[in-house]
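On the provided structure of chain S, position chain V as indicated by the hints.
2 protein chains.
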Amino acid sequence: MYTVRQLRNALRLCITPALNWRFHHVTPQFVEDLRSVVGDSNVSTAMTVREHHGRDESMHSCQPPDVVVWPQNVEQVSRMANLCFTHNVAIIPFGTGTGLEGGVNALKGGVCFNMTNMDKVLNVNTEDFHVTVEPGVTRKSLNTYLRDSGLWFPVDPGADASLCGMAATSASGTNAVRYGTMRDNVINLEVVLSDGRVLDTAGKDRRFRKTSAGYNLTNLFVGSEGTLGIITRATLRLYGVPEATVAAVCAFPNIQAAVDSTVQILQCGIPIARIEFLDDVMVNACNKFNGLNYSILPTLFLEFHGTEAAVKEQLKQTGEIIQLNGGSDFTWAREQEERNRLWTARHNAFYAALALRPGCQAYSTDVCVPISQLPRIIVDTKEDLLQSRLTGPIAGHVGDGNFHCIMVLDLNDKAEVHKVKEFTDRLARRALSLNGTCTGEHGIGIGKRKLLREEVGEVGIDVMKQIKATLDPKNLMNPGKVI
Amino acid sequence: MYTVRQLRNALRLCITPALNWRFHHVTPQFVEDLRSVVGDSNVSTAMTVREHHGRDESMHSCQPPDVVVWPQNVEQVSRMANLCFTHNVAIIPFGTGTGLEGGVNALKGGVCFNMTNMDKVLNVNTEDFHVTVEPGVTRKSLNTYLRDSGLWFPVDPGADASLCGMAATSASGTNAVRYGTMRDNVINLEVVLSDGRVLDTAGKDRRFRKTSAGYNLTNLFVGSEGTLGIITRATLRLYGVPEATVAAVCAFPNIQAAVDSTVQILQCGIPIARIEFLDDVMVNACNKFNGLNYSILPTLFLEFHGTEAAVKEQLKQTGEIIQLNGGSDFTWAREQEERNRLWTARHNAFYAALALRPGCQAYSTDVCVPISQLPRIIVDTKEDLLQSRLTGPIAGHVGDGNFHCIMVLDLNDKAEVHKVKEFTDRLARRALSLNGTCTGEHGIGIGKRKLLREEVGEVGIDVMKQIKATLDPKNLMNPGKVI
Numbered sequence: 001m002y003t004v005r006q007l008r009n010a011l012r013l014c015i016t017p018a019l020n021w022r023f024h025h026v027t028p029q030f031v032e033d034l035r036s037v038v039g040d041s042n043v044s045t046a047m048t049v050r051e052h053h054g055r056d057e058s059m060h061s062c063q064p065p066d067v068v069v070w071p072q073n074v075e076q077v078s079r080m081a082n083l084c085f086t087h088n089v090a091i092i093p094f095g096t097g098t099g100l101e102g103g104v105n106a107l108k109g110g111v112c113f114n115m116t117n118m119d120k121v122l123n124v125n126t127e128d129f130h131v132t133v134e135p136g137v138t139r140k141s142l143n144t145y146l147r148d149s150g151l152w153f154p155v156d157p158g159a160d161a162s163l164c165g166m167a168a169t170s171a172s173g174t175n176a177v178r179y180g181t182m183r184d185n186v187i188n189l190e191v192v193l194s195d196g197r198v199l200d201t202a203g204k205d206r207r208f209r210k211t212s213a214g215y216n217l218t219n220l221f222v223g224s225e226g227t228l229g230i231i232t233r234a235t236l237r238l239y240g241v242p243e244a245t246v247a248a249v250c251a252f253p254n255i256q257a258a259v260d261s262t263v264q265i266l267q268c269g270i271p272i273a274r275i276e277f278l279d280d281v282m283v284n285a286c287n288k289f290n291g292l293n294y295s296i297l298p299t300l301f302l303e304f305h306g307t308e309a310a311v312k313e314q315l316k317q318t319g320e321i322i323q324l325n326g327g328s329d330f331t332w333a334r335e336q337e338e339r340n341r342l343w344t345a346r347h348n349a350f351y352a353a354l355a356l357r358p359g360c361q362a363y364s365t366d367v368c369v370p371i372s373q374l375p376r377i378i379v380d381t382k383e384d385l386l387q388s389r390l391t392g393p394i395a396g397h398v399g400d401g402n403f404h405c406i407m408v409l410d411l412n413d414k415a416e417v418h419k420v421k422e423f424t425d426r427l428a429r430r431a432l433s434l435n436g437t438c439t440g441e442h443g444i445g446i447g448k449r450k451l452l453r454e455e456v457g458e459v460g461i462d463v464m465k466q467i468k469a470t471l472d473p474k475n476l477m478n479p480g481k482v483i
Numbered sequence: 001m002y003t004v005r006q007l008r009n010a011l012r013l014c015i016t017p018a019l020n021w022r023f024h025h026v027t028p029q030f031v032e033d034l035r036s037v038v039g040d041s042n043v044s045t046a047m048t049v050r051e052h053h054g055r056d057e058s059m060h061s062c063q064p065p066d067v068v069v070w071p072q073n074v075e076q077v078s079r080m081a082n083l084c085f086t087h088n089v090a091i092i093p094f095g096t097g098t099g100l101e102g103g104v105n106a107l108k109g110g111v112c113f114n115m116t117n118m119d120k121v122l123n124v125n126t127e128d129f130h131v132t133v134e135p136g137v138t139r140k141s142l143n144t145y146l147r148d149s150g151l152w153f154p155v156d157p158g159a160d161a162s163l164c165g166m167a168a169t170s171a172s173g174t175n176a177v178r179y180g181t182m183r184d185n186v187i188n189l190e191v192v193l194s195d196g197r198v199l200d201t202a203g204k205d206r207r208f209r210k211t212s213a214g215y216n217l218t219n220l221f222v223g224s225e226g227t228l229g230i231i232t233r234a235t236l237r238l239y240g241v242p243e244a245t246v247a248a249v250c251a252f253p254n255i256q257a258a259v260d261s262t263v264q265i266l267q268c269g270i271p272i273a274r275i276e277f278l279d280d281v282m283v284n285a286c287n288k289f290n291g292l293n294y295s296i297l298p299t300l301f302l303e304f305h306g307t308e309a310a311v312k313e314q315l316k317q318t319g320e321i322i323q324l325n326g327g328s329d330f331t332w333a334r335e336q337e338e339r340n341r342l343w344t345a346r347h348n349a350f351y352a353a354l355a356l357r358p359g360c361q362a363y364s365t366d367v368c369v370p371i372s373q374l375p376r377i378i379v380d381t382k383e384d385l386l387q388s389r390l391t392g393p394i395a396g397h398v399g400d401g402n403f404h405c406i407m408v409l410d411l412n413d414k415a416e417v418h419k420v421k422e423f424t425d426r427l428a429r430r431a432l433s434l435n436g437t438c439t440g441e442h443g444i445g446i447g448k449r450k451l452l453r454e455e456v457g458e459v460g461i462d463v464m465k466q467i468k469a470t471l472d473p474k475n476l477m478n479p480g481k482v483i
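The listed protein sequences derive, respectively, from chains S and V. So the first sequence is numbered by UniProt numbering: it starts at 1 and just counts up by one. So the second sequence is numbered by UniProt numbering: it starts at 1 and just counts up by one.
Everything labelled a hint here was simulated from the structure, so no lab data went into it. Heads up, a few of these hints could be off.
Ranges of calculated distance between the beta carbons of each label pair, as one might list FRET restraints [what the hints assert, rightly or not]:
#: 1; chain 1: V; residue 1: Gln72; chain 2: S; residue 2: Ser149; range: 54 to 62 Å
#: 2; chain 1: V; residue 1: Asp380; chain 2: S; residue 2: His87; range: 46 to 54 Å
#: 3; chain 1: V; residue 1: Arg449; chain 2: S; residue 2: Val121; range: 34 to 42 Å
#: 4; chain 1: S; residue 1: Asn412; chain 2: V; residue 2: Asp205; range: 38 to 46 Å
#: 5; chain 1: V; residue 1: Gln336; chain 2: S; residue 2: Thr126; range: 34 to 42 Å
#: 6; chain 1: S; residue 1: Leu122; chain 2: V; residue 2: Glu335; range: 46 to 54 Å
Here are the simulated lysine-lysine pairs, PhoX-like style, with alpha carbons at most 25 Å apart [claimed, not checked]:
#: 7; chain 1: V; residue 1: Lys288; chain 2: V; residue 2: Lys312
#: 8; chain 1: V; residue 1: Lys316; chain 2: S; residue 2: Lys316
#: 9; chain 1: S; residue 1: Lys312; chain 2: V; residue 2: Lys450
#: 10; chain 1: V; residue 1: Lys312; chain 2: S; residue 2: Lys312
Every residue gets a Cβ at the ideal spot worked out from N, C-alpha and C, and that includes glycine.
Same shape as in the complex, but just chain S (with noise of 0.2 Å):
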């Protein structure tokens, strides 16, 4: 029997460890025992293997771990996780370091778990539309793996990152209107727990397409950003290969004359396989970028799935409907070659972004919002892009309300810098006051920590710390990031 104290005080116990944990630094002894667990030649200590993992393709400078190990197994990853945990080192999970929010940086040192040499394809179920992958695994990867079987993987963020890594940090990109994100598609993880535990998120070797037993901890597990655990295997939903394919672009006179189309083409039901927005800045830049003519208009990139009759139905809905908005120059393309052309400005619009001031490097913000406020949002955006005479043509996924300033900077310029800090966060708090959330798809990191707060409120995140508190007490996961 414990008294009501006994069992308040363990609780606060259990929420502030987080803020009073002392780290330790990696001493060579500790390296020693590393090497005994995965061998000499996958421990690192060297500067320039750490300033590679200290940082992803965000904004945030590098802070590198004190050292870097390629575990090979799952038993190697819990071993060496305990040892993290005997001598209070911290935990950094990486797979390819495309992350956008300072997702990997070392804030408290410790020891960065390099996954990229856990990299097989497992268990390949044509009839139950399933696959298993180590986390070394991309998404490209497993699509090639994939060709011959007629399956695919839809989830596309537009880096070809490791698939486990994006379920770390909840990704999805272009095809989530029709295929959902990573939420949606994720059966079943692996994950070692802070103090070696190796947990089956749904049960070991479950796969089945829907559960109601106990807790959903699958879904705990993707989106939190490495701070619960280290993902060391992921089953993910499989799906047909469409037997037709066709791409499309039209223009608009407004922005809200495309968010009206889009809308439209959700509420007839057309299952849209992808429904991008470019906003006129953008469209120009990539007609400089690579040699276009679309007109400098706000601008819808679409693509269809379905069998031949269907992809052809859904194309004359749409163009009826996108018709009645006062869309023009509506192009669509059957072929790959054909389709891929029209798609150009889509897929290098960040380095079309980038073109726009040479030398400079570019930070994409990431807001959603209910898919109705999206001309309101956008517009009051790129008005306060020209107000503050900052670059951030506007690329988006408009079928969830999903969008990115793709800003264009000088990082040696520290007002600039600023300026861009204090946009972004106006942006986040915008999306936030029109019952959006301050990241889509990139994640909170080490950023969006304060943001996060106003988005959940005070008992949103005093319930996030318990969790945290009670499967990571001494704070060793990614320590800094989220929460």
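Showing chain V alone in chain S's frame:
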């Protein structure tokens, strides 16, 4: 600074209260305290009322709460939860009482929160495809409310359950193959925690289609069966009403052929809306009950949603697949009346099963396996039924790998009840041995806690217990359920 030992003790303390806590029963003064929150007419200690709230539609016999309350708003729920927290009294949320695993049984007495007086539909949004409902709103009442909006909520477990209750058990049903389960369709939940704190799982009034902001609390509460908090509001995804609906029925020479057809339909990417399986015993029961003359064979009931042209094409493709697999008697219908006639057998399956043994009761089992394993498990289960001399015709959501035996039994015959219990445990373990789950959509409730442990393993149960203990440290929320 805490020592590892202190933290480990805290953690252990967090896991164990469930085993040690002493529940207090309700005193007259406590009932007065409840009355002062919700008013005299919204509190009852009458035995008939308590007994009405002490069981659901499962085999578990009645265990009445000490008192039933009808809160009118979230503030009252919060104040009464806090009263329970202070006085160590158990809380059991109650929707429509249509659960199937004893989720409302008051194992430890306490206060039953009947949520049906909070029954407003809030914020139907036709551009963003969502609605917010209070916990008294049922699935059918919502769709009646939406009738003129061109939108609908597709999750359909059969019973006219409350939507928040459906969220609590992660319900699904016939449409899940196309539209997903509650896990896929809940955008946000307002939840009262055990100490009375009010949590908005995705942040207050947030209603985006996707997010990567922090831990997915929404999906932690979906399927938590009232053991983590009381759901007081749910924001749900809506869908456009399809332009055309076609229903179809087809018989197969054997179970394998029916399942093969299902797999091929999914492989072809046909967006089938429903695909339901009845075994020969069930078809025979339906023929007798409804005066039909279907061939007494494994039978699929199908439904297609889309535009006129799309459903026509889906029907044609499906017809070809069915023919290749030796299907016969393929019949389809377009008009609502005709469709209802065609699906009568499926709709009345439960009552047709009951009619096999007049005066008996029915209990529905609920397992889910990878689709490819369905023929094997159904054949084995039918053999088991024969050998056990039990009546249990089979109906299944075959597109999800989920099926039910409608066990018809005499609840007064202890030996038969015991035999059914043994059979259902064998069935669940058969599902587990085929990588499946012991519950696809009914939940764990009272009877499947041991099976849950077998399904998710020791680490899985420990993690669930940690989460339960940190969010409900006094184990007051629906105690004795799930874990």
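To see whether the hints hold, each was checked on the structure:
1. Gln72(V) - Ser149(S): 54 to 62 Å: Given about 56 Å between the Cβ atoms, the range holds.
2. Asp380(V) - His87(S): 46 to 54 Å: holds (50 Å)
3. Arg449(V) - Val121(S): 34 to 42 Å: Holds - the Cβ-Cβ distance for Arg449(V) and Val121(S), about 36 Å, lies within 34 to 42 Å.
4. Asn412(S) - Asp205(V): 38 to 46 Å: Holds - the Cβ-Cβ distance for Asn412(S) and Asp205(V), about 41 Å, lies within 38 to 46 Å.
5. Gln336(V) - Thr126(S): 34 to 42 Å: holds (37 Å)
6. Leu122(S) - Glu335(V): 46 to 54 Å: holds (48 Å)
7. Lys288(V) - Lys312(V): With Cα atoms ~32 Å apart, Lys288(V) and Lys312(V) exceed 25 Å; violated.
8. Lys316(V) - Lys316(S): Given pair Lys316(V), Lys316(S) holds - Cα atoms ~21 Å apart, limit 25 Å.
9. Lys312(S) - Lys450(V): This hinted pair is violated, its Cα atoms lying about 52 Å apart.
10. Lys312(V) - Lys312(S): holds (14 Å)
Checked against the numbered hints above, the structure breaks hints 7 and 9 and satisfies the rest.
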